[in-house]
Amino acid sequence: MSGETLSSLSEFTGHFENGDFAAKNFEDPFYYEKSTKTINFGYGINLTGAAAAAAAKHPYAREIIDAELKAQGITITEHQWELIRKISANPNPREVVDDLNRSLPAKHGSSWKSEAAAVMDAFYAKIVEPELVKKVPNLDSLPVGAQWALKDLYYNSPKLWGPKIEKAAKDGDLVGIANELALDTTRHSAGTGAELRSLGRATLALGGIPTYGPDNTLTKVDWSRSNQSDLSLFHFLALSTTAQVGMNRSSAAEYISKWDHRVSASHREILASLETHASTDAANNNTITPPTPLDTHPVDAANQNTISPAMPLDTHPVDTANQNIIAPAAPFDLYAVDAANPSTITPAAPDTAELLVANERRPRFC
Numbered sequence: 001m002s003g004e005t006l007s008s009l010s011e012f013t014g015h016f017e018n019g020d021f022a023a024k025n026f027e028d029p030f031y032y033e034k035s036t037k038t039i040n041f042g043y044g045i046n047l048t049g050a051a052a053a054a055a056a057k058h059p060y061a062r063e064i065i066d067a068e069l070k071a072q073g074i075t076i077t078e079h080q081w082e083l084i085r086k087i088s089a090n091p092n093p094r095e096v097v098d099d100l101n102r103s104l105p106a107k108h109g110s111s112w113k114s115e116a117a118a119v120m121d122a123f124y125a126k127i128v129e130p131e132l133v134k135k136v137p138n139l140d141s142l143p144v145g146a147q148w149a150l151k152d153l154y155y156n157s158p159k160l161w162g163p164k165i166e167k168a169a170k171d172g173d174l175v176g177i178a179n180e181l182a183l184d185t186t187r188h189s190a191g192t193g194a195e196l197r198s199l200g201r202a203t204l205a206l207g208g209i210p211t212y213g214p215d216n217t218l219t220k221v222d223w224s225r226s227n228q229s230d231l232s233l234f235h236f237l238a239l240s241t242t243a244q245v246g247m248n249r250s251s252a253a254e255y256i257s258k259w260d261h262r263v264s265a266s267h268r269e270i271l272a273s274l275e276t277h278a279s280t281d282a283a284n285n286n287t288i289t290p291p292t293p294l295d296t297h298p299v300d301a302a303n304q305n306t307i308s309p310a311m312p313l314d315t316h317p318v319d320t321a322n323q324n325i326i327a328p329a330a331p332f333d334l335y336a337v338d339a340a341n342p343s344t345i346t347p348a349a350p351d352t353a354e355l356l357v358a359n360e361r362r363p364r365f366c
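Residue numbers (the UniProt record's numbering): 1 to 366.
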């Protein structure tokens, strides 16, 4: 996956959920994840969680997944769903996966990329977004990158959702959102993969377009669509060597140093790209030729109407108190699967139990 520039939310999610999928040219979309003992599809759809939830009388997630799979020409039989549900007790889980991949319909070519994206997009649109909009009613008004960052967080790590990030999202404060997403300093069990994903979300929130090299190391960030004042403030509050972040008020550099070279390299690339963009932006601003006084109100010659100049560029208000402290949210474990007894599940409150599929999960593809 050297030099992979991500162009969609499903690609960003899949990059961390199932990096091998792209590395293997998007063949064999069904796969077994050993760390969680689950069978998944494509960009990380947890089929085992959906099957367990359906068995516990919460069928919504499985119904959405099943319907979208069928729309893509893929059918999972009831027998296969039952095997998927009980996979943690199966001594040969890869046999189930192989059977699922062999059952795929014949098609032109071997890539299942578009089908994986369609199922992932449906999961976001019909399961994640309705719940997220309850917390952030103005979600659709945020820039696309910020929407992607918030959706990926809510899909994969809903326990990281807290009042500070919710306020920043409601206020349209992109810097506040990025600060909360950039460094996950409240968790002691995080890993390199989680940290790389957190930095990636922060770049998305500010309008950056990340490019990843091997092992999910950030190799480039395109900030051309970002607001320079937002980037400067983010650099100062969250990523500078002296910025104090997290509950223990350590510096960003101290926190980053806890992880391996991939996180450090990604951190350095973000800093370097921010500095390069700032220099380029300043140079461009210095070469702008101001209009003559007569150009202040250009005239529409056809209609003889005076066109008022546009309003000044709106910069995003910043809650300076939000210094990247991710407050713990209310419990949001929607599907607590007992791995020892996969036929049982303890659902959460009825209003949320149907909507996500055990995605408070592990760092992926580290």
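Don't read these hints as lab results, they were simulated from the structure.
Here the structure is a predicted model, which means the values were calculated and not measured.
The beta carbon of each residue, even a glycine, is placed where N, CA and C say it ideally should be.
A couple of the hints might just be wrong.
To be verified - Only pairs whose alpha carbons sit at most 16 Å apart, straight line, appear in this in silico EDC-like list of lysine to aspartate or glutamate: (1) 86 to 33; (2) 220 to 82; (3) 134 to 166; (4) 170 to 140; (5) 220 to 269; (6) 135 to 95; (7) 107 to 27; (8) 113 to 171; (9) 126 to 63; (10) 159 to 121; (11) 134 to 98; (12) 107 to 28; (13) 135 to 98; (14) 113 to 269; (15) 126 to 66; (16) 24 to 4; (17) 37 to 121; (18) 170 to 215; (19) 34 to 95; (20) 113 to 27; (21) 57 to 28; (22) 34 to 11; (23) 37 to 82; (24) 170 to 121; (25) 34 to 121; (26) 220 to 131; (27) 24 to 215; (28) 113 to 230; (29) 258 to 275; (30) 113 to 20; (31) 24 to 11; (32) 70 to 11.
What the hints assert, rightly or not - Pair ranges (Cβ atoms, derived): (33) 25 to 78: 26 to 32 Å; (34) 99 to 121: 38 to 44 Å; (35) 114 to 37: 47 to 53 Å; (36) 264 to 70: 30 to 36 Å.
Hint by hint, here is what the structure shows:
The suggested pairing of residue 86 with residue 33 holds, with an alpha-carbon distance near 14 Å, which does not exceed 16 Å. Taking the CA atoms of residue 220 and residue 82, the gap is near 44 Å; set against the 16 Å cutoff, the hint is violated. Between the alpha carbons of residue 134 and residue 166 the distance comes to roughly 11 Å, so the proposed pair stays at or under 16 Å and holds. Between residue 170 and residue 140 the CA atoms are separated by roughly 11 Å; this keeps the pair inside 16 Å, and the hint holds.
This hinted pair checks out: residue 220 and residue 269 have alpha carbons roughly 7 Å apart, not beyond 16 Å. The hinted pair formed by residue 135 and residue 95 fails the criterion: a straight-line CA distance of about 41 Å is larger than 16 Å. A threshold of 16 Å between alpha carbons decides the hint, and for residue 107 with residue 27 the separation of about 12 Å falls inside it, so the pair holds. Using a Cα cut-off of 16 Å, the hinted pair residue 113 and residue 171 is violated, with the two alpha carbons roughly 36 Å apart.
At roughly 11 Å between alpha-carbon atoms, residue 126 and residue 63 fall within 16 Å of each other, so this suggested pair holds. A C-alpha spacing of about 22 Å is found between residue 159 and residue 121, which places the hinted pair above 16 Å, so the restraint is violated. Simply put, residue 134 and residue 98 have alpha-carbon atoms about 39 Å apart, too far for the 16 Å limit, and the pair is violated. For the suggested pair residue 107 and residue 28, the alpha carbons sit about 13 Å apart, so the restraint of at most 16 Å is met.
At roughly 40 Å between alpha-carbon atoms, residue 135 and residue 98 are farther apart than 16 Å, so this suggested pair is violated. At most 16 Å may separate the alpha-carbon atoms for a hinted pair to count; residue 113 and residue 269 exceed this at roughly 29 Å. For the suggested pair residue 126 and residue 66, the alpha carbons sit about 13 Å apart, so the restraint of at most 16 Å is met. Using a Cα cut-off of 16 Å, the hinted pair residue 24 and residue 4 holds, with the two alpha carbons roughly 14 Å apart.
For the proposed pair residue 37 and residue 121, the alpha carbon gap of about 24 Å is over 16 Å, so the pair is violated. Of the supplied pair hints, the one linking residue 170 and residue 215 is violated, its CA atoms being roughly 34 Å apart against a limit of 16 Å. This hinted pair checks out: residue 34 and residue 95 have alpha carbons roughly 14 Å apart, not beyond 16 Å. Pair hint residue 113 plus residue 27 holds up; C-alpha atoms about 8 Å apart against a cutoff of 16 Å.
As the CA atoms of residue 57 and residue 28 are separated by approximately 30 Å, the hinted pair breaks the 16 Å bound. Of the pairs offered as hints, the one joining residue 34 and residue 11 is violated, with about 22 Å between alpha carbons and a cut-off of 16 Å exceeded. A threshold of 16 Å between alpha carbons decides the hint, and for residue 37 with residue 82 the separation of about 15 Å falls inside it, so the pair holds. For a cut-off of 16 Å, the pair hint linking residue 170 to residue 121 is broken: about 23 Å separates their Cα positions.
Our distance criterion of 16 Å between C-alpha atoms is broken by residue 34 and residue 121, whose separation comes to about 25 Å. Restraint check for residue 220 and residue 131: not satisfied, since their Cα atoms lie roughly 32 Å apart, outside the 16 Å limit. Straight-line distance between C-alpha atoms of residue 24 and residue 215 comes to about 14 Å, which keeps the hinted pair within the 16 Å bound. Taken as a hint, the residue 113 and residue 230 pair is broken in the structure, with Cα atoms around 34 Å apart against an allowance of 16 Å.
Proposed proximity of residue 258 and residue 275 is contradicted: the alpha carbons are some 24 Å apart, above 16 Å. Only pairs whose Cα atoms come within 16 Å are accepted, and residue 113 paired with residue 20 is accepted, the gap being roughly 12 Å. Distance check on the hinted pair: residue 24 and residue 11 sit about 15 Å apart at the alpha-carbon level, within 16 Å; holds. Restraint check: the Cα-Cα separation between residue 70 and residue 11 comes to about 21 Å, which exceeds 16 Å; the hinted pair is violated.
One distance hint, 26 to 32 Å for the beta-carbon pair residue 25 and residue 78, holds here, with the actual separation near 31 Å. Checked against the hint of 38 to 44 Å, the pair residue 99 and residue 121 fails, with Cβ atoms roughly 26 Å apart. The beta-carbon spacing between residue 114 and residue 37, approximately 28 Å, falls outside the hinted interval of 47 to 53 Å. Judged by the Cβ atoms, the range 30 to 36 Å given for residue 264 and residue 70 is violated: they are separated by roughly 45 Å.
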